Amino acid sequence: MAKTIEIRWHGRGGQGTVTAAKVLADACLSGGRYVQAFPEYGPERAGAPIRAFNRVSENVIRMYGPVLHPKVISIADATLIDAVNVTDGAPDDAIFVVNTSKDPKEIREKLGAGDTQKVFTVNATKIAVESFGRPLPNSSMLGAITKATDIVEMDTLLENVKKSFGKKFAQKIIDGNLDATKRGYEEVKEG
Amino acid sequence: MSKKYWETLPQGSVVLEAGNSAKFKTGSWRSMRPKWIEENCIQCMFCWMYCPDMSVKVNAEGKREDFNFDYCKGCGICALECPGKKGNKAIVMEEEGK
Amino acid sequence: MGKIVAVTGNEACAEALKQINPDVCAAYPITPATDLMQRFAGFVSDGKIDTEMVLVESEHSAMSACIGAAAAGGRVATATSSQGLALMWEMLYIAAGTRLPIIMPLVNRALSAPLNIHGDHSDGMGARDTGWIQIYSENAQEAYDNTIQAFRIAEHLDIRLPAMVCLDGFIVSHSIERVEYIDDADVKNFVGKFKAVNPLLDLDNPKSYGPLILTDMYHEYKRAQHEVMTKVPGIALEVAAEFEKMTGRKYGLFETYRLEDAEIAIVVMSSAAGTTKDIIDQYRDKGVKAGLLKPRMFRPFPYVEIADALKHLKAIAVLDRADSFGGYGPLFSEITGSVMSMDTKPPMINKIFGLGGRDYLPNQAEQVLDELVKIAETGKVETIKEYLGVRE
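Residue numbers (this note's numbering), protein chains in the order written: chain V, 1 to 191; chain P, 1 to 98; chain S, 1 to 392.
For reference, chain V alone in the conformation it holds in the complex (with noise of 0.2 Å):
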């Protein structure tokens, strides 16, 4: 299975996480590579905690299941780390990157990050009201985490958040979208 990186967004139902990780798929189609998109299917309300994941992969992927030791772990609410086992099967050299308006020095120590594991924070929150007016994280996320990891060519994520959101939305909330995830990108600290 080399090749493949595996991704665990946590957020809260009504955020856009399973949009987020449906974006990033997409994005990651293009050049040749296989992608999965899923969610963990519960009861769905908004708020709730929800996962969702995602493979992308050189080789044609296979597996079907949860990611169980995921590379790149995506917090939208940092509220979820108190929640929810965020750092549950993280493997050494994980990477999160987590929406906050927190140091991500004080992040690390909240996760109990260890050395070798890397940590970026994002105040995904108020890029999304600063650029669009609503606290949904998850554009901004895909941003930084484009950032963090190198997993996609920006202009092609961009391209691709246009696309997802040019079906259902005005103009305004599309720029302002693909806004918030250029500063995503450009506004994530690593700590």
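Don't read these hints as lab results, they were simulated from the structure.
Nothing here was measured: the structure is a model prediction, and the numbers come from that model.
Be a bit skeptical, because a hint or two may be false.
To be verified - Straight-line C-alpha distance at most 20 Å; calculated PhoX-like pairs for lysine-lysine:
1) P/K4 to S/K385
2) S/K250 to S/K289
3) S/K286 to S/K374
4) S/K48 to V/K168
5) V/K167 to S/K3
6) S/K48 to V/K167
7) V/K118 to V/K71
8) S/K374 to V/K163
9) V/K102 to V/K147
10) P/K89 to P/K57
Use these hints to put chains P and S onto chain V, whose structure you have.
Okay, now just chains P and S, sitting in the frame of chain V:
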């Protein structure tokens, strides 16, 4: 001989403990929390009526007390429906965890 | 090369149905099949296709309406899962007995009780005697490809039987993965125009459907139905060969993976086969001669061909994602039918796994392979049927 886990399950998946949905504390689902501003409360009980979760505690005198945060999911309906006193709401929503 | 997209199994099946544009679709929603038909209904209301969409009050009505439409002379499709399929149970037999080629993606979901919305094969297995053709898909690409091929197989003038295309609930139906769509024109060409046989709407040749037939002739009608089923594998392979010419993707009655020189093997269907293939590779790297057989066509079951593929093995584990309480798992029971035609019987075990959407994890496949290695050495089986991945 000790029983296997699956041998201890209730027959036919019957739920034998009455009213045990009270054990399912859904308060952890909140990302917004209602704040009760007592001085603006006219005790109209709209919040109690509208709350889908029975999260507004009512005392023996029929007056409301603070929210039951074990169950409140932060839907905000109470804040929306609250008439308040002279335009000042008795319930406002604020971010959880602040 | 067709369009490459990232879609769910349900999206892919809905797309296949859209490209085929059936005459009538009568449907009722049920998790996890709902968004398949919802999408399809969306295509209809957007005017992209002109299927007559009949929104009925239950799955029993859905299949009843499909039967009516098919008997009238239309190309008909629907989709359902679990309790929905169970509710249509009596109608399934009627569709097959009346020889109506209705196509139905079945999004496999566990049957109640207890109520469960997740993926296992109990619904499809409950319908294995109905006379429907049953094809199982490993992933979204197969679900898409099988749906398209199913129309050709079911509508073949030598066949005329209803067919269900199975895909795992949530695991495949709701997971987004890379799929290659075929061009609209190619799909239309491949499936061709619908040929009606004895349509009720042919008013120049009036006829009746649904007679009462008692002890004098029922037996002979069923004998004829059995005979038709025996022709299905041949037609399915012809259709698959044509499909391969169009797409480059190869399909058979089953798939083998590193089986030819294997000593031990796992027999398993649908998405779990995908996961198992990765573990087979890992064991091969360790020097263990492991292989896999993934049945695709479950009804009719290719006993002789599978026997041929399995007869050289020293130990076999058949994994069932459904149980038959009081019996062996359904797939295991079919494989024993294969073993019947072998000169020497390889030792076999039956594992019931993944019920109600319980995850099938790599360590479960490893556990099974480790047990098979032991059985191959000793030739001895301790317990034939066990549950895999259950909390003890």
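Against the structure, the hints come out as follows:
Between P/K4 and S/K385 the alpha-carbon distance is near 17 Å, which keeps this suggested pair within the 20 Å criterion. Proposed proximity of S/K250 and S/K289 is contradicted: the alpha carbons are some 25 Å apart, above 20 Å. For a cut-off of 20 Å, the pair hint linking S/K286 to S/K374 stands: about 16 Å separates their Cα positions. For the proposed pair S/K48 and V/K168, the alpha carbon gap of about 19 Å is at most 20 Å, so the pair holds.
A hinted pair counts as satisfied when its Cα atoms are at most 20 Å apart, and V/K167 with S/K3 qualifies at roughly 19 Å. Annotation: proposed proximity of S/K48 to V/K167 holds, straight-line Cα distance about 17 Å (limit 20 Å). With a CA separation close to 10 Å, the supplied pair V/K118 and V/K71 stays within the 20 Å bound. Under the criterion of a C-alpha separation no larger than 20 Å, the hint pairing S/K374 with V/K163 is inconsistent with the structure, at around 54 Å.
Proximity of V/K102 to V/K147 is assessed by CA-CA distance (about 19 Å); at most 20 Å being required, the pair is judged to hold. At most 20 Å may separate the alpha-carbon atoms for a hinted pair to count; P/K89 and P/K57 meet this at roughly 18 Å.
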